[in-house]
Amino acid sequence: MEHYYHQTDLAKFSDMGKDSPELWDKFLNWYNGVFAEGALTEREKSLIALAVAHTVQCPYCIDAYTNSCLEKGSNIEQMTEAVHVAAAIRGGASLVHGVQMRNIVEKTQM
Amino acid sequence: MHAGLTSLKRRHSSLASGEEQVRVLETVQGIPSFESKLQAAGFPALRPSGIEIFQINVGKLCNQTCAHCHVDAGPDREESMSRETMELCLAALAGTSIPKVDITGGAPELNPNFRWLVQQVRGLGRQVIDRCNLSVLLIQGQAGLAEFLAEYGVEIICSLPYFQERETDRQRGAGVFEKSIQALQLLNRIGYGRKGSPLSLNLVYNPVGAFLPGSQKGIEAEFRRNLEKKYGIEFHHLYCITNMPISRFLEFLLMSGNYEKYMQKLVQAFNPAAVEGVMCRNTISVGWDGTIYDCDFNQMLDLPVSYSSAMHISQFSLAKLNSRPIVTGRHCFGCTAGAGSSCAGSIT
Numbered sequence: 001m002e003h004y005y006h007q008t009d010l011a012k013f014s015d016m017g018k019d020s021p022e023l024w025d026k027f028l029n030w031y032n033g034v035f036a037e038g039a040l041t042e043r044e045k046s047l048i049a050l051a052v053a054h055t056v057q058c059p060y061c062i063d064a065y066t067n068s069c070l071e072k073g074s075n076i077e078q079m080t081e082a083v084h085v086a087a088a089i090r091g092g093a094s095l096v097h098g099v100q101m102r103n104i105v106e107k108t109q110m
Numbered sequence: 001m002h003a004g005l006t007s008l009k010r011r012h013s014s015l016a017s018g019e020e021q022v023r024v025l026e027t028v029q030g031i032p033s034f035e036s037k038l039q040a041a042g043f044p045a046l047r048p049s050g051i052e053i054f055q056i057n058v059g060k061l062c063n064q065t066c067a068h069c070h071v072d073a074g075p076d077r078e079e080s081m082s083r084e085t086m087e088l089c090l091a092a093l094a095g096t097s098i099p100k101v102d103i104t105g106g107a108p109e110l111n112p113n114f115r116w117l118v119q120q121v122r123g124l125g126r127q128v129i130d131r132c133n134l135s136v137l138l139i140q141g142q143a144g145l146a147e148f149l150a151e152y153g154v155e156i157i158c159s160l161p162y163f164q165e166r167e168t169d170r171q172r173g174a175g176v177f178e179k180s181i182q183a184l185q186l187l188n189r190i191g192y193g194r195k196g197s198p199l200s201l202n203l204v205y206n207p208v209g210a211f212l213p214g215s216q217k218g219i220e221a222e223f224r225r226n227l228e229k230k231y232g233i234e235f236h237h238l239y240c241i242t243n244m245p246i247s248r249f250l251e252f253l254l255m256s257g258n259y260e261k262y263m264q265k266l267v268q269a270f271n272p273a274a275v276e277g278v279m280c281r282n283t284i285s286v287g288w289d290g291t292i293y294d295c296d297f298n299q300m301l302d303l304p305v306s307y308s309s310a311m312h313i314s315q316f317s318l319a320k321l322n323s324r325p326i327v328t329g330r331h332c333f334g335c336t337a338g339a340g341s342s343c344a345g346s347i348t
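Chain order of the listed sequences is A and B.
Counting in the working numbering, the first sequence runs from 1 upward without gaps.
Counting in the working numbering, the second sequence runs from 1 upward without gaps.
Just so you know, the hints here were simulated from the structure itself, not pulled from any lab data.
Don't take every hint at face value.
Stated by the list, open to error - Chain B residues, not near chain A, derived (Cβ > 10 angstroms throughout):
1) Arg166
2) Gly209
3) Gln268
4) Phe270
5) Val327
Claimed, not checked - Okay, the calculated beta carbon distance ranges per label pair:
6) Gln7(A) with Gln39(B): 25 to 35 angstroms
7) Glu260(B) with Asp15(A): 18 to 28 angstroms
8) Ala221(B) with Asp15(A): 51 to 61 angstroms
9) Gly125(B) with Asp9(A): 32 to 42 angstroms
10) Lys195(B) with Glu77(A): 44 to 54 angstroms
11) Met16(A) with Ser314(B): 37 to 47 angstroms
12) Glu228(B) with Gln100(A): 44 to 54 angstroms
13) Glu260(B) with Cys58(A): 38 to 48 angstroms
14) Lys18(A) with Leu138(B): 51 to 61 angstroms
15) Ala88(A) with Glu228(B): 41 to 51 angstroms
16) Ala39(A) with Gly191(B): 32 to 42 angstroms
17) Ile62(A) with Gly232(B): 31 to 41 angstroms
18) Arg23(B) with Ser14(A): 28 to 38 angstroms
19) Gly4(B) with Gln7(A): 52 to 62 angstroms
C-beta: ideal position from N, C-alpha, C; glycine also.
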């Protein structure tokens, strides 16, 4: 295997149901319920999924939810802003842990 | 995507031929035939449900050269329906009670007999749809066109692939978005698209690229919110239409390396619930030279109806057309994908 990730593998996702169909069905029912229109629109949910896909850095999810966002009528500006939200939370999460560093420094140094 | 695009015919592209397009569609690997997919889903071969829409394609001349155009229309195209062929259409129509006439092109308004045709069809008491590219309402020589359409109560179905300039101009050419907005504002000023107005103004959304349209309801809401907020534009409905893998959109798919993936998407999204509502079951499509087709897409692939005795409008027989087998091919997956796609948008 030359690469761990292959674009064509995304279409094989449902193979995960082959040896555990009940769990797969439960996952799929829940998954479809999550993405159905509710208090948030399907378009908004796809933008959230796109941002999360970048946070978990899953190439399958990035492919799937880039397409999903386009299909649901989002544009490149909206999708880029969503990725920035993910990046800002990731960066902010690192930075806010600096408080721990500062707490330790304060306690440790004379 | 768009810069300097001309028609396939003008570039002498092999894809200008319907036969070549069918060959490309029939040789794609790993895609079942449409007929076998129907059969596997428990459907018999497609048959008409009764003709409700008489679609007339009055020619391929257009003031735009859109990147996805299934007609391969453009300023260089000269095919145009004659007054004599229009008279044959009117005679055929008069012998039926088909309630709706859908006039398309090219830019149908550029046919010199367009206004005459509208007047005659209205005189027969039938509804008229004009498939309008919007920018044609502003060009020289078309003064008073919007007012004419309003006077005759013509429903306008107009193309606007996105509520922003970048996406629209990438598909339809530089400057088209701005003109489209001006034209929509003009139509609103004379009463089209206003809440409660009988002057119907409906938008058509085609994806700008190799992806399928999502929920019509969701996209309509986005268009309504953005067009109202930024430009004060109102419209009645928005119809989502899937890009058919033919003509210039097929060329884009091949050139961009998206062809096989797009065909797989169409097949994977095959929706049995959309089959019964496909437009070829309630529509016939007449070409600029009077040849009769099952739909505008078959027309562009040079696939006429399979009843040889009713192939030309001069041989029109409603009974024969209503009992004809519908000619299908792999392009038909475009009409059954997702929520389904027709000239009036989503099917399901």
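Q. Lying within 44 to 54 angstroms: is that true of the beta-carbon distance Glu228(B) to Gln100(A)?
A. holds, 49 angstroms
Q: Could you say whether the range 25 to 35 angstroms given as a hint is met by the Cβ separation of Gln7(A) and Gln39(B)?
A: For Gln7(A) and Gln39(B) the Cβ distance comes to about 31 angstroms; the hint holds.
Q | Leu138(B) and Lys18(A) - C-beta distance against the hinted 51 to 61 angstroms | A | holds, 58 angstroms
(Q) Assuming the hint says 31 to 41 angstroms, is it satisfied by the Cβ distance from Ile62(A) to Gly232(B) or not? (A) holds, 37 angstroms
Q. So is Gln268(B) really clear of chain A, every C-beta pair being over 10 angstroms apart?
A. Nearest chain A Cβ is 8 angstroms from Gln268(B), so the label is violated.
Q | Outcome of range test on Cβ distance (Glu260(B), Asp15(A); 18 to 28 angstroms) | A | Cβ of Glu260(B) to Cβ of Asp15(A): about 21 angstroms, so the range 18 to 28 angstroms holds.
**Q.** Beta-carbon spacing of Ala221(B) to Asp15(A) - inside the hinted bounds 51 to 61 angstroms or not
**A.** Violated, at about 36 angstroms.
Q. Would you say the C-beta atoms of Ala39(A) and Gly191(B) sit inside 32 to 42 angstroms of each other?
A. Since Ala39(A) and Gly191(B) have Cβ atoms about 37 angstroms apart, the given range 32 to 42 angstroms holds.
Q) How does the Cβ-Cβ distance of Met16(A) and Ser314(B) compare with 37 to 47 angstroms: does it lie in that range? A) violated, 59 angstroms
(Q) Just to be sure I understand the hint, the distance between the Cβ atoms of Glu260(B) and Cys58(A) should be within 38 to 48 angstroms; is that true here? (A) violated, 24 angstroms
Q. Honestly, do Gly125(B) and Asp9(A) meet the 32 to 42 angstroms range at C-beta?
A. Hint violated: Cβ distance 58 angstroms, outside 32 to 42 angstroms.
**Q.** Claimed clearance of chain A by Arg166(B), with the beta carbon kept past 10 angstroms
**A.** Non-interface label on Arg166(B) violated, nearest chain A Cβ at 8 angstroms vs cutoff 10 angstroms.
Checked against the numbered hints given earlier, this structure breaks hints 1, 2, 3, 8, 9, 10, 11, 13, 15, 19; the rest are met.
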